[in-house]
Amino acid sequence: MKFKKILVPLLVSLAVIGGTIGIVYGATSTVDGTKYTHPSWYTSSSYKLFHGIDVSFFQHNNNWNKIKRDGVDFAFIRCGFTSLGSTTINADSYCAKNIVNAQAAGVNVGLYYYSQAKTTKQAIREAKYAVSIANKYGGITMPIVMDYEKKMGTKSTMTKCAKAFCNYVKKAGYTPMLYSYYSLSNSKFDFNSLSSYKFWLAHYNSSSDFSHPYEYWQYTSSGSVSGAGSKRVDRDFWYYKLNSGVTKAGTTSIGDCSVSLSYSKKQATGKKLEPTVTVKNGDTILTKGTDYVTMYFHNVKGGTAYVIVRGIGNYSNEVLESFKITTLAFNSTTATASNVSNLSYTGKALTPTTTVKYNGTTLKNGTNYSLSYSNNKNVGTATIKITGKLPYVGSITKTFRIVKSKPTIKTLRSTYRIGRDHYGIKIGATTNGGKLTYYSSDEDLVTVNSSGILTTNNKSGTATITIKGAASSNRTAGSKQVTVKVYARPPVVEVTKIKKPAKNYFRIYWNKTSRTSGYLIKYSNSSTFKTSKYYNVTNNKTTAKTLKDGLKGHYVYVKIKAYRTLDGANYYCSSYSKTLKIKVR
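Going by this note's numbering, the sequence shown opens with residue -1, and the numbers climb by one from there.
Rather than coming from a laboratory, the hints here were simulated on the basis of the structure.
Under the rule of at most 27 Å between Cα atoms (straight-line distance), these lysine-lysine pairs were calculated in the DSS-like manner:
#: 1; residue 1: Lys126; residue 2: Lys196
#: 2; residue 1: Lys495; residue 2: Lys557
#: 3; residue 1: Lys498; residue 2: Lys581
#: 4; residue 1: Lys126; residue 2: Lys95
#: 5; residue 1: Lys229; residue 2: Lys387
#: 6; residue 1: Lys510; residue 2: Lys576
#: 7; residue 1: Lys134; residue 2: Lys270
#: 8; residue 1: Lys126; residue 2: Lys149
#: 9; residue 1: Lys531; residue 2: Lys510
Starting from the given sequences, assemble the full structure and let the hints guide the process.
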C-alpha cells in the first residue's frame, strides 16, 4: 500500500515509554519522574524524538523484547575498549549477544568503542576494530561512535584523533559519531573542525546549555528500563531530522523513488509491527540490504509508528514513512470482570482470579490482561486492578471482601501429665489471633494463670483447661481445650545395702515402693556423678540387682530412683535415693 513520504515531519505528541514518559515535543519529557527540557533549536517541525539506551558488559543480561516494549527504539552497544594507559584493543565479551538479541527484538543498533587514543594511529586502530565488528554481525543502522571521555592530550590532539576515527568509519560506509561529556567537550574539541560529524552529548542534567549542536543527548546514567540487565542504565534522546541534504555524487536520492508499506494501519499485538517496505525507482523494484535499509520506531504501542528508509549503495538520503497502530479501549464500558466471593483472612496476600470479558468475549489472563492487587491482606475491601495488554489499552477494577477467620491455637501437646507435687508447668500455647486466656475445669485439682502455667494442689485426677483466644482485627474469637492428668509420683526409694559379690561387680538392694513401674540405677566412680552409667530395671517386683562395674577407679557410687509409666511415658520420682559407696577393686 502506498504512503505519502514525510520529508519534513510535522510535530506530534510522542508515545509514552513504559507508562512513565509523557512528551509534548519541543517542550519537555518526563522520564522516571524527572522532567527534561529539550534544546530550543530542536523545536522546529523538522524533528522527531526517539528514545534509546546504551549498554555494555555491565548490562549483559538484557531482555531485549521487554526493552523494546518499554519504548526503546535504538541502542548503542559497546563493541570494545582500550584500558587507561594501554593501547591494547579489548573486546566487550557481551557485544555479540547484545547485538543479535537487540536486532531480533526490533531495536535499531549502533556501536561504540571506549577510546584512549593519544594519536591518530591509535584512533584509526580503534575505528578499524569497531568497523570489523559491524561488518561481522551486519544490520548496524545507527552510528559507530568514538566514546572519547578522558583527557588524552591537547585540544588539537583530541580533535585530530576524533576526526581520524570518524573519517575511517565514514569511508567504511557507516555513519560516524563522537561522544563525550559536557565539561570535556567544551575544552577539548574544536567543533568547527568536527562539524560534518554527528555529536552525542553526555550531560546528566534536566536541561543543557551546551553551545554546539548535538543530535543525541545522554541525559542520565541512572535510568530505569524494563528488561535492562542492571537497575541503572544510560538513557538517550535522539533528535532525528530527515536527511534532506545534497544527493551523493553518483547516487540516486531515495526521495526520488516511490516508497510504499504493506499496510497503513494495524492493530497492536504487544510485539513489534514491521510492515514490508517496497521501494521503486520507476519500474525497478529496489533490493533491501543492497539499495536501502529500514529502521522502525514507535512500532509496538498504539499511535503513529515510523519507518526510516535509508538509501545505500547506488542510493542515498532518507525518507520517513508512517503507519497507524490501533488499540482497543479497555474500560468499564467494554470490559467486565466476574464477582469474587468473600475470602477469609489468612495472614498472607490474597490473589483471587476473576473472569474477564471484552464485549462478551472471554479474555485470557497473562495474554490479554494482567492482574494487580491492593489492600489484599487484612480484613476489609481489597481491589483487583485488571490492566489490558495490547491491543487492549486501559484498566478496570473489581473489589472483594476479606472477612475475619477463626484463629489457630497451638499447644505443645493435647494431654499434659504432671506429678501432683509439681508446679510451674507451662502449656506453651500460641495463636495467630487475639490475646489468650486460660480456664481450669477443676481448680481444686490444678490451677492455671494468665501465662498458661499450671499448678497442682497435691491431688490426683483429670482436669480440662480451656484456652480462649480473643477476637482481633483480623480474627474471630476461638478456643481450644487440653487435658491435664495429675498423678502421684513414686516415692523416694530406700536403698538397704550394697555388696561386692566378685571383683569388679557390685550388688545393690532396695525396698519395693508403691505406684512404681520400674527403677533406674545410676552409678559412677565419681562422688559427683560427673561421668555416669545407667541401668533400667523394668520389673517393679525386683528389689536387688548385680552389675559389672565397667568403670575406672576403685570405688563405685550408686543411687536409684523409681518411675511410673503412664500412657507409654515414664514419670520419675522427683529425687534419687541416698548414695552408697563400695570398693570393687
